[in-house]
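Q: Same order as they appear, the protein sequences are chains A and B. Count along the first sequence starting at 1, add 6, and that's the number in the numbering used here. Count along the second sequence starting at 1, add 3, and that's the number in the numbering used here.
None of these hints come from the bench; they were simulated from the model. Small disclaimer: the values here were computed from a predicted structure and weren't measured. Please note that a few of the clues may not be correct.
[Claimed, not checked] Negatives, chain B to chain A, calculated, CB over 10 angstroms:
hint : residue
1    : Arg42
2    : Ala52
3    : Ala74
[Unchecked claim] Computed footprint of chain B on chain A, listed as stretches where at least three residues anywhere in the stretch have a Cβ under 8 angstroms from a Cβ of chain B:
hint : stretch
4    : 86-99
5    : 112-120
For every residue, glycine included, the Cβ atom is placed at its ideal position computed from N, Cα and C.
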Amino acid sequence: MWYVLLAIVVLAAVLLVVRRQRVGQAAGVPRDELVERVRAAVLEGPGATPAALRHEIDARAAAPAAVGAPDVPSELRELVDKVALRAYAVTDEDIAELQRAGYTDDAIFEVIASAAVGAGTARLRQGLEALEQSRGGHHAP
Amino acid sequence: MRLDAVERGHRLPQKLQLAVIRVLSGRRVQDIIRTLLYRPDFFGGPFSAWTQAAMRGPSAWSVGERELFAAFVSRLNRCRF
Chain A
7 MWYVLLAIVV
17 LAAVLLVVRR
27 QRVGQAAGVP
37 RDELVERVRA
47 AVLEGPGATP
57 AALRHEIDAR
67 AAAPAAVGAP
77 DVPSELRELV
87 DKVALRAYAV
97 TDEDIAELQR
107 AGYTDDAIFE
117 VIASAAVGAG
127 TARLRQGLEA
137 LEQSRGGHHA
147 P
Chain B
4 MRLDAVERGH
14 RLPQKLQLAV
24 IRVLSGRRVQ
34 DIIRTLLYRP
44 DFFGGPFSAW
54 TQAAMRGPSA
64 WSVGERELFA
74 AFVSRLNRCR
84 F
């Protein structure tokens, strides 16, 4: 029993070190590039949903309240808007509805990640623009 | 609601990581960790690299200030920090 536990701890320590090194490799990479890597992985990486759908979700989540916001398939609209504007309001029923509509857990995970990335990067850009303007166009150090 | 896949659909290396975290902390692993370790190539890996750079990398703001910003934003999002 203790050997098993010890083996798990050692293995995990190795995995954590490997992970840390991978994160460490990102040191020195410009943050814009790190953001683009997140966007590329979520919006274009291999997944259960087509990349085109994930891009649509990203575009809507970036401007969900806008007049003429980019559309997504109707069954996804409510969840995408909730994740983008008031994620705390997502309920079990929102998820169950998509499951009933035939979406797998992986597909739902991808829909939520795409909406979060869309809303998140849109806000990040707005924040950076505001910062830029307040500095009179000078770049951050 | 927790997606079954994110609750217990992790691949072996991530399963082991979760097992160790559970043993060491003595309680259920937080959902944020479960999410980051689920299909890490798709989301958690690149997202963690970015978070690490933004929250701990070189900056004009201290780590404490950045944590405060994050806590404030979470509060506005009504999300537990």
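Q: Would you mind marking each hint as holding or not holding in the structure?
A: Hint-by-hint comparison with the structure:
{"no.": "1", "hint": "Arg42", "result": "violated (7 angstroms)"}
{"no.": "2", "hint": "Ala52", "result": "violated (4 angstroms)"}
{"no.": "3", "hint": "Ala74", "result": "holds (16 angstroms)"}
{"no.": "4", "hint": "86-99", "result": "holds (count 6)"}
{"no.": "5", "hint": "112-120", "result": "holds (count 5)"}
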